[in-house]
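Sequence order for the protein chains is A, B and C.
For the first sequence, our numbering gives the first residue as 9, with consecutive numbering after it.
For the second sequence, our numbering gives the first residue as 2, with consecutive numbering after it.
For the third sequence, our numbering gives the first residue as 104, with consecutive numbering after it.
Note that these hints are calculated values from the structure, not bench results.
Values in this document were obtained by computation on a predicted structure and should not be read as measured data.
Check each hint, because a few of them may be wrong.
[Unchecked claim] Here are some, though not all, of the chain A residues that point toward chain B, as calculated from beta-carbon distances under 8 Å: (1) 157; (2) 441; (3) 503.
C-beta atoms are modelled at their ideal positions from N, C-alpha and C, and glycine is treated no differently.
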Amino acid sequence: MSVTPGNSPLQATGELPVVPRRRMSPPMKGVIWAAIGFLLLNSIVSGIDPDVLHSYVNQVSVVFGWMGAMVGWLFGVGGWDALVKPAFGFPLKWKETVGWRRYFEYSTDHKVIGIQYMVSSGLGFLIAGIAAMMMRLQLMSDHMWLFQYSKGYLTTVGVHGTIMMFSVGTVFMVGGLGNYLIPMMVGSNSSAFSRLSGISVWMVPAGIMTVAFSPLLGDWTTGWRGYQPLASQDGDGIIFYYLGVFILLLSSLIVALNLVATIVFKRAPGLTWNRLPMYAWGMLAVSFLNIIWIPEIMMTFILALLAKIVPLPLFTAVGSPMVYLQMFWLFGHPEVYIVVVPALALWMEILPVLSKKTLFARQWGVIGLVFVMLLSGMVWAHHLFPTQGNSTILPISFFTEMISIPTGFAFMVAIGTIWKSKFTLNTPSLLVLMSMFNFLIGGLTGVFLADPMVNMQLHDTFFVVGHFHYTIIGGMVFSSFAAMYYYLPKFSGRTFNDKWGQFGAYWIFIAFNATFFQFFIVGLRGMNRWVPVYPHYLMWQNFEISICAFLLGFGFLYNIGYIIWAWVKGPAAEENPWKAKTLEWYAPSPAVGTNFETEPQVVNGFYDYSDGAGEAVVFQS
Amino acid sequence: MGDFWGFGIIWVVLSVIADWIASIVGRHFYVFTASVQAQEGQAAASFLLMTVVPIFVFVVMMLFYALFRFRRRKGDTGSSTSQVKFNKAYVGLWVTLSLVVNLFLFVHPTASAMQVYWQEGQAYNKSSNELIVDVTAQQWGWSFSYPQYGIQESVDSNGNDVLYLPVDRPVKFVLNSYGDGDGLSEQIDVIHSFWIPAFGMKTDVIPGETRYEYITPTVISDTQQNGMMRVQCAEVCGPGHPYMESNLHVVSQSNFASWVQQQLKLQSGS
Amino acid sequence: MAASSNQSNDVLYPMQTPLSRADLFKLKGGLTLFLIGLAVPILLLLEMRYVVAGGYVAPQVTQWPAIAATVAMLLSGLFTVAGSKSAKKANRPGIVRSYNWAILFALIAIILIGIPAFNGVLDPVSHYGETFIPTMGTIDVYLFFTWIGMLATRSRVKRLGNKIENYWGVYATNIVLWFMFVCWVVTWVQLYYL
Chain A
9 MSVTPGNSPL QATGELPVVP RRRMSPPMKG VIWAAIGFLL LNSIVSGIDP
59 DVLHSYVNQV SVVFGWMGAM VGWLFGVGGW DALVKPAFGF PLKWKETVGW
109 RRYFEYSTDH KVIGIQYMVS SGLGFLIAGI AAMMMRLQLM SDHMWLFQYS
159 KGYLTTVGVH GTIMMFSVGT VFMVGGLGNY LIPMMVGSNS SAFSRLSGIS
209 VWMVPAGIMT VAFSPLLGDW TTGWRGYQPL ASQDGDGIIF YYLGVFILLL
259 SSLIVALNLV ATIVFKRAPG LTWNRLPMYA WGMLAVSFLN IIWIPEIMMT
309 FILALLAKIV PLPLFTAVGS PMVYLQMFWL FGHPEVYIVV VPALALWMEI
359 LPVLSKKTLF ARQWGVIGLV FVMLLSGMVW AHHLFPTQGN STILPISFFT
409 EMISIPTGFA FMVAIGTIWK SKFTLNTPSL LVLMSMFNFL IGGLTGVFLA
459 DPMVNMQLHD TFFVVGHFHY TIIGGMVFSS FAAMYYYLPK FSGRTFNDKW
509 GQFGAYWIFI AFNATFFQFF IVGLRGMNRW VPVYPHYLMW QNFEISICAF
559 LLGFGFLYNI GYIIWAWVKG PAAEENPWKA KTLEWYAPSP AVGTNFETEP
609 QVVNGFYDYS DGAGEAVVFQ S
Chain B
2 MGDFWGFGII WVVLSVIADW IASIVGRHFY VFTASVQAQE GQAAASFLLM
52 TVVPIFVFVV MMLFYALFRF RRRKGDTGSS TSQVKFNKAY VGLWVTLSLV
102 VNLFLFVHPT ASAMQVYWQE GQAYNKSSNE LIVDVTAQQW GWSFSYPQYG
152 IQESVDSNGN DVLYLPVDRP VKFVLNSYGD GDGLSEQIDV IHSFWIPAFG
202 MKTDVIPGET RYEYITPTVI SDTQQNGMMR VQCAEVCGPG HPYMESNLHV
252 VSQSNFASWV QQQLKLQSGS
Chain C
104 MAASSNQSND VLYPMQTPLS RADLFKLKGG LTLFLIGLAV PILLLLEMRY
154 VVAGGYVAPQ VTQWPAIAAT VAMLLSGLFT VAGSKSAKKA NRPGIVRSYN
204 WAILFALIAI ILIGIPAFNG VLDPVSHYGE TFIPTMGTID VYLFFTWIGM
254 LATRSRVKRL GNKIENYWGV YATNIVLWFM FVCWVVTWVQ LYYL
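Isolated chain A, as found in the complex:
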């Protein structure tokens, strides 16, 4: 895609932004600075360590070395020139470039940042996806064959889960789509804290790499939850798990601050709370969850890290092993709503547009999103039904069952909108319907898990694995693909061939259900989690699941490949191909440079498609 210099946000300074004289590409500089930072701090800590028997890279030194590397990376990639030096009042020598190079350097343009988030997150999806394929390969047989030792398999499980949760689930629809769309949706030309946002995106690739390379330090077997006291006696790779997740969460925290401030303080005139787009409501709910729970889990991970490297006895038998579990799930359950609330919001965003019908019961959709947010802090302990004492089971079970009510409002609104509409069947709308189907199964199987007696059988089995893959892949990933197809004209000015898009949608839908529906069955037959080997009677079903899983993997590859192809080479799209009324479609497509040359004024709701509704937005010149 091409960028005309006149569209750059820096244009108005009077000097045309030029590609500066050849300089080292910022990521390269970041890598070099990171290496220097690591060596420096690792050597210092290693040098002053009084224990003479330690190796050069040891538990403590690697933590400090990693911090050095992270600071080096963030500074090298642009933080030093564009953030730190101006903060100290030094003159700014940084110039934003144009063209594809923009995506490989520090930027303050929320659209560039959004795409950087999406690409980094997509990279995480691929890495974690490869880990998943390796797991399924191993599970084709009931004895060890792909991995030599079970700890290799368990590390793969951990890497898969960690990267998927913290760099895809939490990031793609919030850091990626949120950063890209929210400022446009509220009629602003920039996000609230664009300079901060520009640096936070570079934490994502660093975090993914940290987790992906954690096996270098040693295998860790806890899975993505890092349960204590196992984590304290696990291999040193767990250190990189804590650090990698820490930096990924820091990135998400900055995104949350930025999005809340943007939505609250940067709305265009006339964009009242009653008119705020549904996706913005979703982002607001998610970001509040992030602001409360991400610092909580970051602190927990620091404590767990200290428990590992000092070592502190916090979470061992002489301390209180349950404390870590409680603290983890206090964050852990809001986390799954952080993943899925954007998907629910996206349904309500896309469906009225593609069915050309007024969004049904809008206020109930908003109430649903907000109550999911409020209740999600009260349900954590259902992850611990077999773990905790009996006395706390019932209240938690109560709230767990109750949270299905506000979640159900999203279905109520979606169904009410579809009813008697003129439903345009194309790739994004099909993917939304599929996402609703999948999330429905994920939600209804959750009813079984919320029941403590049934939970005692299903806990820690593949039934649970099936359940949360239905909510996360089925809900969030399918919705993400819907969003990618839906917003492709906005991102790139190009569109896709609906036949090939629908083909891809059916492919992943069928492969996904063939894979994960069997997870329920194999779990009920006695397949437990975190095992590379299992009783022989489960082997044929696992073999068959693996085949379906590979089909699903290729299906995702096909869709990603097709989206990339359409992005670069697809047929040119109209300015507003879906005839949507929301503000982002008033910005140019492809959205490059300034969003709105003149400030938009919102005069109507965005989701009213009745004949006399009139335009939602006017521009005063």
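Based on these hints, arrange chains B and C on the given structure of chain A.
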């Protein structure tokens, strides 16, 4: 109105059919049940299945309606003729129903099934017939002792730890993590989970705490006959986790008595 | 600290653009959210102390540095307030003078808070020690980053000189420092006396 009644009739018919199927499938939800507790869980799960199936049918039918009935015809570019923004009856019914269904499910089977389980535990504790099995979890294996019979660690002929239970007799598992619990050693052991798939119940074993599980086995079987009859660690506990399982034999009361004698002989001989 | 990025062209310089009321509102709101986020770990640590160690306070814990650190932080805070007052009058040398002292006292506070945590009196393997050290350490890390922020503010005021159009950075630094003071006092009272 036509769509409304059409949808309603199809929904009722499909729900009845689906619930009929669910009532059959639900009976096999736990695949294999070999204890009173598993049967209770099975009943609860079957009830839940019958409850959620009509909801499932409702939403999925609506998705198919979107795909076929409400699909935009070729060449039609206008907005939908219906632009309803709110419908008190629909929203009111939806909110009320979801509240009622959830509250109802909380009372039954959630609270009722837990109540039954806890009462069983209390009844077992009062019963003179109760068999006490001390279970110790350790990285990575289970050991079982029978304090009422003086069996310190039950083993099979190969010397592997094994769990023998008499059929139709209440059992209380006393679950502890390995270690003397003197508070001196920093890392005694990690969290495990004591699970016998066929018994429909699992309880985590927490270092430094004692947990109890109450079971009455109802079927004579063993690990060789049915893979779900096995003691399995269900909570990841390190590299040996996949191998942390033991064989289980549920035998008749008389066979159990002779097994006890044999264990005692083995114990005094060694 | 956060800086403005309104419709102006110079998106990359802080303190060089005049702030509208809306901008100021946004910055204050953002800072509030940020501080709410920062308060969460402190709450978690205070809660965990009761879970792990109950109300026990180790008798050997070193008292004087905590009291001295409170005084140092208070002095530092008073000087940042003086800085904010100078900023209202656009008295730049006054800001720099106040910040010199504020930075000095904040540094003293950082060192003083570090003493009881790391002087080896408390056993990190005891229940009180294992919560005391991370909590004090967290406060210290917070304070260290605040200190860097103070250095940046001072340096910015000094270097940008009469190009400065708004003094939000100075006000924000003052707010953050007082937030840290409250966090510290709560932590101190809780760890030493409750």
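Q. How about residue 503 of chain A: closest beta carbon in chain B under 8 Å, or not?
A. 17 Å, violated
### Message
So, as I understand it, the hint says residue 441 of chain A touches chain B; can you test that by seeing if any CB pair is closer than 8 Å?
### Response
5 Å, holds
Just to be careful: measuring from the Cβ of residue 157 of chain A to every Cβ in chain B, is the smallest value less than 8 Å?
6 Å, holds
Checked against the numbered hints above, the structure violates only hint 3.
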